[in-house]
Amino acid sequence: MSTTKFGKKGWTPNRIKDLNGKTFVITGTTSGTGFEAAKILLSKGAKVVMLNRNVQKAEATIATLKHELGNTINVTNIRMDLASQASVKEAAAEVLKTVPQIDALMLNAAIAQVPKQTFTVDGVESQMGVNHYSNFLLQALLFPRIEASNGRIVTVGSMGYNLGIKTIQFNDLNWDKNYNPNGVYSQSKLAQIMTAYQLQDKLKQAGKTNVKTYACHPGASSTSLIKTSGSLLTRFVWQIMKLTPMVQSAEKGAYPELMCATEPDLDQAGFYGPTGKNYWTGPVGECKLEPHAKDKAVMQKLWSVSEDAVRIKWNV
Numbered sequence: 001m002s003t004t005k006f007g008k009k010g011w012t013p014n015r016i017k018d019l020n021g022k023t024f025v026i027t028g029t030t031s032g033t034g035f036e037a038a039k040i041l042l043s044k045g046a047k048v049v050m051l052n053r054n055v056q057k058a059e060a061t062i063a064t065l066k067h068e069l070g071n072t073i074n075v076t077n078i079r080m081d082l083a084s085q086a087s088v089k090e091a092a093a094e095v096l097k098t099v100p101q102i103d104a105l106m107l108n109a110a111i112a113q114v115p116k117q118t119f120t121v122d123g124v125e126s127q128m129g130v131n132h133y134s135n136f137l138l139q140a141l142l143f144p145r146i147e148a149s150n151g152r153i154v155t156v157g158s159m160g161y162n163l164g165i166k167t168i169q170f171n172d173l174n175w176d177k178n179y180n181p182n183g184v185y186s187q188s189k190l191a192q193i194m195t196a197y198q199l200q201d202k203l204k205q206a207g208k209t210n211v212k213t214y215a216c217h218p219g220a221s222s223t224s225l226i227k228t229s230g231s232l233l234t235r236f237v238w239q240i241m242k243l244t245p246m247v248q249s250a251e252k253g254a255y256p257e258l259m260c261a262t263e264p265d266l267d268q269a270g271f272y273g274p275t276g277k278n279y280w281t282g283p284v285g286e287c288k289l290e291p292h293a294k295d296k297a298v299m300q301k302l303w304s305v306s307e308d309a310v311r312i313k314w315n316v
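So in full-length UniProt numbering, the last spot in the sequence shown is 316, and the numbers never skip.
A portion of the hints provided could be inaccurate.
To be verified - Lysine to any residue pairs mimicking SDA-like chemistry, simulated, CA-CA at most 25 Å apart: (1) K294 with Q205; (2) K17 with T64; (3) K313 with L203; (4) K44 with P181; (5) K166 with Q117; (6) K8 with D267; (7) K39 with T64; (8) K47 with D18; (9) K177 with D267; (10) K301 with P181.
Bear in mind the hints are in silico, worked out from the structure with no lab data behind them.
Hey, can you work out the whole structure from these sequences and the hints?
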C-alpha cells in the first residue's frame, strides 16, 4: 500500500522553489544520496553545511560541487565522526557557533551490514552507535537552533527497519549474544524511525508546531553504503543488483529526504520513499509503515535508554 499525491511521477525536485536564504545541514555528503541532496539544494540557491568525517573527501566534494555548479555556491564542511559522541558534540558546538539558522537537519549518513560485531569508541555496537545514538545526540544538541529557525529534522531510515526483530532488543543492545549484520542494521534503522515519531509526539505534547520532523527511506539506491561496510558476499551481490532495474540512481534515492526537507505542508505522520514494488524504486510518495515502528511503549523506553546512552537529557 502506497500513495503519492504528486501525480504519476511522484515527488520530484522540480517542486522545490528558490531556496535563497535557507540553510540545510546534511550528514554524509561525500558520495551517494547525501552528495546528490546537497547538489540539488545548492542548485536551488540554498546554503549547505556538510558534516563529514573525512576532511580530504569533503574538500574534494566541495571542489566537485563548485566545478559543477559554479564558485558562488555557499557550501562548507564541519568535521564530524558519528562513531564518536565526543566528535558529534564538537561538531554540534561548531555548528551552533557558525550557523545562525537551520531550516533542515538531514540525517543522511549511516553504516550498514558490518560483518563482525564492532564497537565505537564509546563502547557501543557500531551500527546502533553510528546510526542511532549519535544521530539522537546530534538532534538534541542542534534542536534549540532548529526550533529558533522554525526548521525541520529529516531522518533517513531504511526499509531494512522491517527485516529484523519487530521491536528493540533492550536486554542486549550491543547484540553480544546473537550478533547478525542485517539484524543489527535493521534494529538501528528501526530505532532511528521510532525516534522521529516519538519526537513528533513530544513536540505535540509541548504545543510546539513550529518544528517538523519526518522519516523517509531512499529505496534501493546505487550508493557506497554497503561497499564501505558490508561483507564480501553482501558487496558482491549488491554490485550485481546495481546493474539491474531493481536499483535506482543515488540522485533518485535523494528525492525522499529532499521532499521531507522542503515540501510545504507535508504530513508528518507519513513515511516517505519510492512507492514501487517492495518500495525499492518508483515514484516518491507515502509508503506503508508497519505498526511495530510506532509501538508507543517501545518508543518511550527507547527515548529514555538513548538519553542514558548519550548522557544528555533532551528537553523538548
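* Keeping to a limit of 25 Å between CA atoms, is the pair of K47 and D18 held or broken? -> Given pair K47, D18 holds - Cα atoms ~12 Å apart, limit 25 Å.
* Asked: Is K301 close enough to P181, meaning Cα to Cα at most 25 Å?
  -> holds (24 Å)
* Asked: Is the hinted pair K313 and L203 satisfied, with a Cα-Cα distance of at most 25 Å?
  -> Holds - the C-alpha atoms of L203 and K313 are around 15 Å apart, at most 25 Å.
* Within a Cα-Cα threshold of 25 Å, do K39 and T64 meet the stated pairing? -> This hinted pair holds, its Cα atoms lying about 10 Å apart.
* Asked: Given the hinted pair K177 and D267, is their alpha-carbon gap at most 25 Å?
  -> Answer violated: K177 to D267 is near 39 Å, above 25 Å.
* Does the structure keep K8 and D267 at a Cα separation of 25 Å or less? -> holds (19 Å)
* Given the hint that K294 pairs with Q205, does the C-alpha gap stay at or below 25 Å? -> Cα-Cα ~16 Å, so holds.
* Asked: When you check the alpha-carbon spacing of K166 and Q117, does it fall within 25 Å?
  -> Holds, at about 21 Å.
* Holds or violated: K17 with T64, Cα cutoff 25 Å? -> Given pair K17, T64 holds - Cα atoms ~24 Å apart, limit 25 Å.
* **Given pair status - P181, K44, alpha carbons within 25 Å** => Violated - the C-alpha atoms of P181 and K44 are around 38 Å apart, more than 25 Å.
Comparing the model with each numbered hint stated earlier shows that hints 4, 9 do not hold.
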